[in-house]
Amino acid sequence: MLLIVAFLLFPALWTVYLGLTDYQLTGFAAANPQVVGLENYDRALSDDRFSNSLVLTLQFVLGSAVLGQAVLGFAIAWLMRNRVGALRRTVEALVLLAWILPSSVITFLWIALLDRDGGTLNALLNTPGTAWLLEYPMVSIIVFNIWKGAAFSMMLYAAALGNVPPSHLETARLAGAGTFQQLRDVVFPRIKGHVLTNLLLISLWTFNDFTPFLLTAGGPENRTEIMPVFIYRIALESGELGFGAAISVLMLLINLVIALVYMRLLRQRKDAST
Amino acid sequence: MAAITTDRLTKVYPGGVRALDEIDLTVEDGEFFALLGPSGCGKTTLLRTVAGLEESSGGSLHIGDVDVTRTPPGSRDVAMVFQDYALFPHMTVAENVAYPLRIKKVARAKRTEKAAATAGELGLSDYLERRPGQLSGGQQQRVALARAMACHPSVFLFDEPLSNLDARMRLEARTFLKRLQRELGVTTVFVTHDQAEALALADRIAVMESGRIRQLGTPSEVFRRPANTFVASFIGSTPMNLLDGVVRPRGIEVAGELLPTPPEPAGRLVDGEKVVYGIRPEYLVHSPTAVPGSLAGEVRVVENLGHAQLVTLEGPAGFVQLVVDEDTPVALGDRGFAVPRQDRALVYRDGELVTSGDPTGLAAAGASGTA
Amino acid sequence: MAAITTDRLTKVYPGGVRALDEIDLTVEDGEFFALLGPSGCGKTTLLRTVAGLEESSGGSLHIGDVDVTRTPPGSRDVAMVFQDYALFPHMTVAENVAYPLRIKKVARAKRTEKAAATAGELGLSDYLERRPGQLSGGQQQRVALARAMACHPSVFLFDEPLSNLDARMRLEARTFLKRLQRELGVTTVFVTHDQAEALALADRIAVMESGRIRQLGTPSEVFRRPANTFVASFIGSTPMNLLDGVVRPRGIEVAGELLPTPPEPAGRLVDGEKVVYGIRPEYLVHSPTAVPGSLAGEVRVVENLGHAQLVTLEGPAGFVQLVVDEDTPVALGDRGFAVPRQDRALVYRDGELVTSGDPTGLAAAGASGTA
Amino acid sequence: MTSHPDHAAVPSASDAAPVAVATTPSGPPPPDAEHRRREAQRAAGRAGARKAVAGIGFYTFVSLVLAFFSLPLLWLAVAPFDANPGLSASLPEFTLQNFRVLWDNPYAMRSLGNSVILAGGTGLLVVAFAALAAYALSRVRLPGRDMLLYVLLLLSSIVTGTAAMVPLFNLATELRLIDSQLGVILVLSGGLLPSAIFILKDFMDGTPRSYEESARVFGASPFQIMRDIVVPVVRPGLATIGVWSVAQVWGNFLIPFLLLRSPDQYPAAVVMYTFYTEGGQANLALISTFSLLYSVPVILMFLFVSSRYGFRFHGGIKR
Amino acid sequence: GSGGGSGPDTDSLVISANAIAGGKNEQEAKWIEEWVIPNFVEHKKEKDDVDVDVSFDASGVDDEQYKTKLALDLQGGSGPDIMNLDGIWIGEFAQAGYIKPLTEVVTQADFWEGWDQIPEAVQKLGSFENERYGIPAGTDGRVLFYNKDLFEQAGLDREWQPESWDELIEAAEALAGIDGVTPVQLNAGTAMGEATTMQGFLPLLAGAGEHIWDKGKWRGESDAVTDTLGLYETIFSDGLGDPLLQQEAQGRDKSFEQFAEGRIGILLEGDYFWRSVVHPELGIAPMEDRDEVVGYAKIPAIAPGKGIHGQDYASMSGGSARVVNPETDSPELAFELLTFMNSDEALKALLEGEARITARTDTNADVLADDPMLTFVADEVLPITAYRPGLAEYTRVSTLLQEATASVVSGNSAQDVAASYRDKLEGVVGGAGNITN
Ligand SMILES: Nc1ncnc2c1ncn2[C@@H]1O[C@H](COP(=O)(O)OP(=O)(O)OP(=O)(O)O)[C@@H](O)[C@H]1O
Ligand SMILES: Nc1ncnc2c1ncn2[C@@H]1O[C@H](COP(=O)(O)OP(=O)(O)OP(=O)(O)O)[C@@H](O)[C@H]1O
Ligand SMILES: [Mg+2]
Ligand SMILES: [Mg+2]
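Protein chains in written order, with our numbering: chain C, 1 to 274; chain U, 1001 to 1371; chain L, 2001 to 2371; chain D, 3001 to 3319; chain X, 4001 to 4437.
Keep in mind the hints are simulated off the structure, nothing from the lab. Treat the hints with caution; some may be incorrect.
Label pairs and their computed distance ranges (CB to CB) [what the hints assert, rightly or not]:
1) ARG264(C) with LEU3096(D): 53 to 59 Å
2) SER1210(U) with SER2163(L): 22 to 28 Å
3) PRO4389(X) with THR127(C): 32 to 38 Å
4) THR3095(D) with PRO4389(X): 45 to 51 Å
5) ASP4423(X) with THR3095(D): 52 to 58 Å
6) ASP2334(L) with ASP1325(U): 23 to 29 Å
7) ARG3038(D) with GLY2133(L): 45 to 51 Å
8) ALA4419(X) with PHE28(C): 25 to 31 Å
Bear in mind that the values here come from a model prediction, so they are computed numbers and not experimental data. In this text, a Cβ means the ideal position worked out from N, Cα and C, and glycines have one as well.
Just chain C, with the same shape it has in the complex (with noise of 0.2 Å):
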């Protein structure tokens, strides 16, 4: 408990006292910051490349996380449910592989992949010469994400689905369902909490995830400037720790709005089975 305080609560607070100052790395501001208030909140809210990234943000966590990872997830773990063997083991490892390898290094990968000239990716569709980060600058890191985190979904969904009675999907069967009822009336209602922990925690982790910038660096024309990356650029490159940390802290408000959104649904279900 001790760590969590030392190492997690206390710098959490400073960050948040730092975001009520104009700190700064270097200059005239690092040698006095200055409490300015809130008016670091007011310079993000009426900041353009703010609400871009924001915009950016939600469209990735949106496409990446909760359409990408938490979709191809659940189709793997729910294809694989009733495998058993070498096609279920590769399968696995290869999504698991995506997951625990540095992003560091996943990114030379990805670079490789889609490369403009030599890229295996337009070897293969035979598209010479499309850059696909640069025209596709979002959807590329989109598709980037779901691959390396749709692991988590998998995993997770797979123990959700061993939680499914089998004869409730043979109730529905029998009466004649289809997958698509059988997914909405039996399997859905059943791993809903499984559905909003997912959710949850891959937002959180999307949202704060800083691994496309190597990707992008936030280009081209700050099209792929997710949040993260729009702080390590403020924090780091200009070096404007006092708005970087107001910035993060309202990255984290949205993230209790989001947070709270998913606990709304758990509520709403806990209500609805007791």
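Given chain C, work out where chains U, L, D and X with the ligands should sit, using these hints.
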């Protein structure tokens, strides 16, 4: 309504387990049919194959006159009640009951009405808006039944429908189920590992062991004349005493005591051959004093059966159990003597019942007898 | 070995549920004691409070002469077998059995030896190196027993030890458990909701309902003279028929039929008062023809009990169940008449048994009788 | 099968025939039997077709998934052996020279060792503390306990971000944890713990209490219960968390870079950055080779853990 | 280091640089470890008979990351005794109070004989507001590299020196005729980062006649700014440059690769390109025939005589300076080590016979003799070069410039972009009062 006929129905699971081994079986139209057997004998597999939830590996299956061997489950016109009822926890009772109708695209108003009617027949009218979690086990079971009934299938399949109820409710539900089936007249197959349940409920019973049917007959046939020692030891609320014996000219010698040969196999035994002498605890009469042709022993355990007592004697023949009237005083450590009712004793040779040669006796195992 | 005494033992759960309501109870040294009751009546709570897993909210608890009300579970010298056995899935059978000894810091060699010995007594010698997941239910149960026995506690506590077994194994385990307890002579409290199990196994039974003890006595006391309609309907493999009646000068009128008043309450009934007439199905004699003083009805259900049949009649008195000999032919739709055995009929007023005023009759409920 | 109007009515009790009389199906089938038979055959045919389609669909999907997840890995398999790799995965001009160069590099190999220390240390710490905390949270009924978890989880998102580097750095300075691997381990653990606790708590919730209670009845202390029962039972969860936190640390650059001074202590994530030129250009030959070396330990760990302890979630908030 | 030596008897010093053995700037790292440290220790022993303990904190990361780490160290009152700082960081570090003018730290600061060997212009690298903070370690210059073979193919002379932007465009248009060749690579956009500003916008701006920061004010929407953006517009809208390449995160690497493969005609880069990119052996995109194929020319002014200070040509230079940490325990000793590292002997040892432009004229004269390109830079480019302002705001202004070029490349008119650049500039430099046209 329809009869179910299987012809050399076989199911081999991917792992190589032969869960059904060329099962030939006919369940008559409107019959209440029990599948009984120890855990792992293939009861559930048979039921699921009938339902279409498992694909058979060989043989064929007819429901009514239609070959449904390759028909998907939703099109077989059967309803199944699972051991855990499989009620959808997020739906109300009414929604659960109406679910099959919803899948069959019955209009909302119509299906609500039909569901309410079916639930009403089972006394669930007051619970329509509750969720399964808010119901007792017995009520849940009735909801599962109502759901199965809702679309008027021609066959009901029950997999251990009572085993999740507590002892008291199980008894009530048993009687209820029997009455309901009688009224609906729908062909019903139900699986159980509780012989008492099977005896009480079924019109006919198939006793299974490792994927095969070991005996098929009415409850009293199966109870009185188990076709082999496996069935003998499986059927009966207290298992049959099966004692090693040797055929002698004037009876069967069990642990040095000569017991009279039962009338049926009398002419078919060869002097000196080894047989198993079977007698149910209910058909042993207790005597505190020595009687010729009885099994002696010391009272080891006395179990109260309510209006009777189950006494375990330990003697030269090993453990022998007998049922003693509640008013007869039996104390631990006493010596007791168990006198067989000769007309109810059975003799097994190589595990099979020795019969008078009357074909009905043998036919009970394997072929489908008359109910 | 030690007796267990509770004095106004009360347990209120944080939510406000009063799971135990001033329980006074003495379990004698060496006794095999059953706690019986419907789901949610507090059986498990009482057992857990004795084990020390729940802290009591009031009252006191002694094991032997020691007040253990506040003693932590590890120091009470009790062993508990849980309904799910709680075998540690990552340990082998041998390790599981040896675990209590390991906690008590018995040297490795010694505890291996002891564990092997205990497991051997229970016929587990061949499975010592297996893990619980590789055992059948019955074997698992024996491992749980062996683990409980390993450190020779003075009290055994069993929470529905048999309910996870299938019907056949349950019977075997029951006899085995009874014999084992007899040999060890350890004070044993076991929880069940199966009255047959309680009757068969226990020296004495406490029947509970919503946190209170409704009757306490030997199996035959509880079976023959249930102290109230709750116990009456709970005990017995087929529930007692409880029929509304009115006291008349020459008997008790039930649905227009005058039944003879049983001898015991005879002098204690007031003319015209409403009572409940109780008679077990086993004590009703079947007659195909009308007999005065009998309950008439149409045969609705016939359940095969093996060597007998349970017949449900529907008549003016509602449903009446009776047990009929296996040889008596009974067909659905027949008219039947049930004649009560007068000496076994009971009369309840306001739910309580009307007795002859003989203190032993009443004493059965509340005070601790002799084993 | 569609509904059959002719058996919709439930027969009343009075006309229920005695079941003992079996109706033998003889004579011509009833008029709708022919219809039913056709219907059933059609259904069987449809099912057969659907099954074939489903089978093709399944294998197509699986192939796509396999391709999707393995394609990017191609480069990692090829480039390290290429004398002059570009960003295209072309057929290499085979060489092992790149490995030689790295072998001679004073920091490359050592950095892998450092990574192992940091990742292993953090992994152990996170697993140990998360297990204790998750156990406590799962077993103790604390009001607002879920709330506490959510708050921690959210705060962890700040602390793992870039903006918290000043507080973390100054904290480490005050605690004299600069240039100490312990410092890196502690700081990283702080950020990873909430998620780890969150995931592990599900595992703990899924463990029957009766295990611990039976151990308690035998007199086991809380520590003994933890060591003998809880830890072995939730081992797949611990393994999952362990692998997860190792992977997180393995890829983390900023914290070790900021907190460590001497290059001897740098983990691989930091050393990987040294294979850029003064102008910021990547030396692809070395980077691809190092990437491979850098990935091997986590892959080995994953294989080891998954074969040894299983790698499964129990998952989900159970309420 | 600062914050406590290892003992009362031996002074200890720590050197820090963004260099590491086996990686980035390996040469410098090796030099510090294998030459500077042992020689300095020995030198002190011989001279004053004292033991000193010198160690080296190597790192090899992005400059921003290195800077962040130093800044964090310094704000906490610790940090190495001697550190390498990029010239443009001097101002912001000074303003933050992390570093102090040398004279405030060391009494002997002005009496180092080496100052005479460092040209005034180069000394600015280590200075801020006319105070010396450190000793420049080396500098560079920007030129136009071109591919002589391609020029020949396009019908141009192998030897080339454009005199105006028009001549540059003419050559580019001629190159445009060759298939698969991008005529000009002019860095633009944010993905290129500082390369856009330093190897793109700023040298051109100097050619158009202006500094980005002049007399305390930042340039807004001036003619020179518009003209410079106009050149970008010309190149990228007429297909003389590859707009996509500018946006790729690895765009600069690829431009190098492409140049080496003969797919780019003209490239504006620093001498780093010559030394470390296309170097036949050491380069990351090696060209075996570099000396024959790669030509170089000064960057022309927009028109002759229109560059800053009325020059015909322009360039920008960067480079780093070595600075003494004001918090050091032994400032005099640190300064002694600093001067030791910047002695002629030391610099020669650093270069190991390799050609590279140093801050010292005496050294340059010797080491550059064999390399015509670097001599060319030292002799012809350095005298006309300029430096970036070392202010905290510079990074953000640079980002704005990058965005502005990106905007032009993606098709907006130079005029509009210049206007919107000015608007944004206000927010970054603290109001219109700090901007001039
Ligand atoms: N999906 C499966 N894959 C492989 N083997 C199976 C599968 N399902 C069942 N089996 C095996 O088939 C045999 C029959 O199983 P089945 O479930 O039909 O038995 P059961 O009679 O219903 O037993 P229980 O009374 O325990 O429910 C068993 O040996 C079982 O292990
Ligand atoms: N931890 C708890 N918190 C609150 N209420 C509880 C708790 N455990 C049990 N109860 C309540 O206490 C009452 C008695 O429960 P207990 O488990 O003792 O019943 P039981 O007789 O063992 O039932 P069963 O036969 O279903 O096991 C029930 O109403 C139950 O809901
Ligand atoms: Mg089964
Ligand atoms: Mg209980």
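THR127(C) and PRO4389(X) - C-beta distance against the hinted 32 to 38 Å: Distance hint for PRO4389(X), THR127(C) is violated at roughly 45 Å.
Distance restraint evaluation - ASP4423(X), THR3095(D), Cβ atoms, bounds 52 to 58 Å: holds, 54 Å
Outcome for the supplied range 25 to 31 Å, where the beta carbon pair is ALA4419(X) and PHE28(C): At 29 Å between Cβs, range holds.
Cβ separation of ARG3038(D) and GLY2133(L), checked against the hinted range 45 to 51 Å: holds, 49 Å
C-beta pair SER1210(U), SER2163(L): status relative to the range 22 to 28 Å that was hinted: holds, 26 Å
Range hint compliance [Cβ, ARG264(C) to LEU3096(D), 53 to 59 Å]: 58 Å Cβ-Cβ, so the 53 to 59 Å window holds.
THR3095(D) versus PRO4389(X) beta-carbon gap, inside 45 to 51 Å or not: holds, 46 Å
Range agreement (Cβ of ASP1325(U) with Cβ of ASP2334(L), hint 23 to 29 Å): Check passed, 28 Å falls within 23 to 29 Å.
Hint compliance for this structure: hint 3 alone is broken.
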